[in-house]
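> So the protein sequences, as listed, match chains A and B. Residues -6 to 324 in the working numbering are what the first sequence spells out, letter by letter. Residues 2 to 296 in the working numbering are what the second sequence spells out, letter by letter.
A couple of the hints might just be wrong.
[Claimed, not checked] Selected chain B positions facing chain A (Cβ under 7 Å, derived; list incomplete):
(1) A196
(2) M197
(3) G198
(4) P211
Note that these hints are calculated values from the structure, not bench results. Built from N, CA and C at the ideal position, the CB exists for glycine as well.
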Amino acid sequence: MAAPLLEVENLRTEFARGESTIHAVDGLSYSLEPGEAVAIVGESGSGKSVSVRSLLRLIPRHGRITSGSARFDGKDLLAMKEPELRHIRGNQIAFVFQDAMTAMNPTLTLEKQLTEHIIWHELAGKSEARQRAIDAMTSVGLDQPEVRLKQYPFQLSGGMRQRAMIASALVSRPKLLIADEPTTALDVTLQRQILDILKERKRDGMSIILITHDLGVARYFCDRVIVMYAGRAVERGPMRDLLESPGHPYTTGLLESTLEIGAGKDRLQPIPGNPPNMATLPPGCPFAPRCPLAEERCRVEPQSLIPIGPDRDVACWKVSEGATLHASGRS
Amino acid sequence: MAVAATSPGEIQEVEKAQSQMARAVRRFRRNKLAVASLIFIMLLVLAAIFAPLIAPYGIEDTDYAAARVGTGSPGHLLGTDTIGRDIFSRLIFSLRTALIIAIGAETIAMALAIVVGLTAGYLGGRTDQFLMAITDILFVFPSYLLIIILVTVFGRSEVTIFVAIGISSWVGTARLVRAEVLRLRVREFVEAGRAMGAGGVTISMRYILPNAVGPLLVSLSFGIPGAIIAEAGLALLGLGVQPPTPSWGSMIQEGTQWVLVSPHMLLWPTGLFAITMLAFTWMGDGLRDAFDPQE
């Protein structure tokens, strides 16, 4: 296969909170081929959102990217000068946010929000930009695009706003689309429609990174999954393999608490306990306090990602020791 | 693959939605006192613009035969002053002076406040500390004293007066703008703007400032009467605009000297001045309530 479109290596992002430092992303690595869709899955606060914002250096001021590289099309996004990076944002890499209600500028018309950035990036002149905006709106299923262009975000319903935001990301025809929980704020029927739009983009050859907490959503069109916990990848692998035989107990927990996939059972099995306090992580595996299989070793010694198969890595002592994980009734 | 089009249910939702501005206008209109004040202020502005058409006499037309005649005298509706100038006419023309000074001063104050507030709030860090140190120093310095010093040094023309008022009254608004920037810059749509490739200037001018219009409008509606009061105060001290240009302050000041013999000379300018100030205050209150996000 050709060179990867995006190659993230050992990404670390920290936040200063008073005296302590929060390692929001703690040594994350992955790569993405052209036309591939990767899901980054995890609970709130697992660092999945920060990890993709770090790629474009869009993190809050008290945050700092302390190490790592992110080679996009051969150039390191993290080492790049700000103007050069600005030229990539909204151009070759586009972002879709969770809630279009808050992620669209309430004082600009859709025409401005859908065309301004491609005019900045000199991808099109004004009239061509307008045409591209209309095309993008049509492709995401927004009717009457000419009328909508004159409207403000508050004149659209939630579903239409989300479509408009995706359209705005698509106008520049990016190579990589980063969608941060694009369906979380929507009801189920709309979710499906939005996912269809993304799936269709992928079919057209766009690479997608999907951030979600819902493996059911990720399964819909992603080829590979990265499961994040406490700022680290705890498991990586192809979607199908990972769903069929989850390696890390956390992945198993996520699967058992996912609606669609766990539907064969009478009830969902939530993961006990709460996501960890990022300021006081245990010395060993960060999942150990909630893990049904945790042993003494898990609590004191962290395990890094270990290959367990082709394109599969898991960060778990129990797995790398060859222990059977699925004695707990999954078949 | 065809993507399902928007459903009818989505469209219904749209009609209920309203922009922040439309909501503010609707709330403002419910406040009768504020609306009446706004109408009164608009009438004053019209009177100032069309002063030569409304005023029966010029500002320097003297009628010695009718000096200090009282209210309701033939030919002089509101009476005349010591040298027989028509008080009604001079009041109309003094609206112009007040308006020029208020608009000039507030333009300067707003421009300074926006530049300083946006820069400090957006850039943050050292720049913020430096700019806020300057505004804090100016904030504790009595602004009225600063105006007097500036006018004394640079003269009493309308321009120097409004420049002096402007550069001594931007501090509070600058802090307001900065606070708005700090509130807005962490909002998701600002981040989304950056994710689309917008630079600092674009973010400030197109994403942050337009969303801070409400508080700025309120600040402006209190700033304008503030500037008018400042000018009147200068005139009372004999530092107002150069005679014979009429101003409320100088007319009031003159009236005080004759209050026992010809009270109308004090009554009319003071009365109109007081009502105008009240109108601005009521309108400002209305605006503040209209833009109040708490409601």
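> Would you mind marking each hint as holding or not holding in the structure?
Cross-check of the supplied hints:
1. A196: holds (4 Å)
2. M197: Holds, because the Cβ-Cβ distance from M197 (chain B) to chain A comes to roughly 3 Å (cut-off 7 Å).
3. G198: holds (4 Å)
4. P211: holds (4 Å)
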